[in-house]
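A.B. asks: Work out the full structure: start from the sequences and follow the hints.
Protein chains in written order, with my numbering: chain A, 1 to 153; chain B, 154 to 251.
If you are wondering where the hints come from, they were derived from the structure by calculation, not from laboratory data.
Possibly wrong hints are sitting among the right ones.
Said to hold, decoys possible - In silico SDA-like cross-links for lysine to any residue, where the CA-CA straight-line distance does not exceed 20 Å:
no.	chain 1	residue 1	chain 2	residue 2
1	B	K222	A	E21
2	B	K222	A	F12
3	B	K222	A	A37
4	B	K222	A	A13
5	B	K222	A	L11
6	B	K222	A	G140
7	B	K222	A	S80
8	B	K222	A	F29
9	B	K222	A	L60
10	B	K222	A	T141
11	B	K222	B	L240
12	B	K222	A	S20
13	B	K222	A	I17
14	B	K222	A	P83
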Amino acid sequence: MLAAIVRRTALFATIWIVLSENSAESVAFGLPAVAGAVWMSLRLQSPAHGLRLWRAAALLPGFLAGSLAGGLDVARRAFSLRPVLRPGWVVHSTSLLPGGRVALGGELSLMPGTLAAGCEGDRLLVHVLDCQAGFEGGIGTQEKRLARVSEGP
Amino acid sequence: MSVELLRQIAVYALTGAGLVFFLAGTLGVVRFPDTFSRLHALTKADNLGLGFLTLGLAVNAERWADVAKLALIWALVLLAAGTVAQLVARSALVRGER
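C.D. replies: Here you go:
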């Protein structure tokens, strides 16, 4: 617990220092903001299921490539004279914890052709922009990659 | 060609690319047929637009602290965009727009 508090305080304090350009007069706002963020993060994500940020950094290249492909795909459709959309839904059974599901959903919303709309039980509802483009194939891959970021061996 | 000129070209090219993607996102919102398809356009294209805009501004930045701040802003906006997209999609689904 203590280790989690120290780690999270360091993380949120770093974010505050970068955003406020390390100015002395912003400390009065920064201290309560950081304390509040740590408190809320402990309530929302227990230390037992914390994140390994250095593992998340390993996902960055794949994430950047995916969001580039996703943005290009949707831009191509938006600019085309007659946009080709074959929207539909797929249901993805997931074993991730609730926090992991939200993270997966958020990531899928930036990857090519997929958009998450929350869970029903342990089934993630995913909207697909084009049913014939095979976008849903990436969901399982993203889930496996994300699962490695959670704390564990 | 001087380094400064190359830098200026990079700034214009990157911020220009960012604007093109913001335009694409807006066009998608106007042209796509339903709430969910529009959300695809908005989140993905605007994410990329902000990414290119951030890169362009980072090339133009004079201090590393500014680069770090820009990168952090992009990361925080990404987190917010991914989360908000799910919330909007969820509420549209609950209202029966499927």
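A.B. asks: Please go over all the hints and tell whether each is borne out by the structure.
C.D. replies: Each hint tested on the structure:
{"no.": "1", "hint": "B:K222 / A:E21", "result": "holds (8 Å)"}
{"no.": "2", "hint": "B:K222 / A:F12", "result": "holds (14 Å)"}
{"no.": "3", "hint": "B:K222 / A:A37", "result": "holds (19 Å)"}
{"no.": "4", "hint": "B:K222 / A:A13", "result": "holds (14 Å)"}
{"no.": "5", "hint": "B:K222 / A:L11", "result": "holds (14 Å)"}
{"no.": "6", "hint": "B:K222 / A:G140", "result": "violated (33 Å)"}
{"no.": "7", "hint": "B:K222 / A:S80", "result": "violated (35 Å)"}
{"no.": "8", "hint": "B:K222 / A:F29", "result": "holds (18 Å)"}
{"no.": "9", "hint": "B:K222 / A:L60", "result": "holds (18 Å)"}
{"no.": "10", "hint": "B:K222 / A:T141", "result": "violated (31 Å)"}
{"no.": "11", "hint": "B:K222 / B:L240", "result": "violated (27 Å)"}
{"no.": "12", "hint": "B:K222 / A:S20", "result": "holds (9 Å)"}
{"no.": "13", "hint": "B:K222 / A:I17", "result": "holds (9 Å)"}
{"no.": "14", "hint": "B:K222 / A:P83", "result": "violated (37 Å)"}
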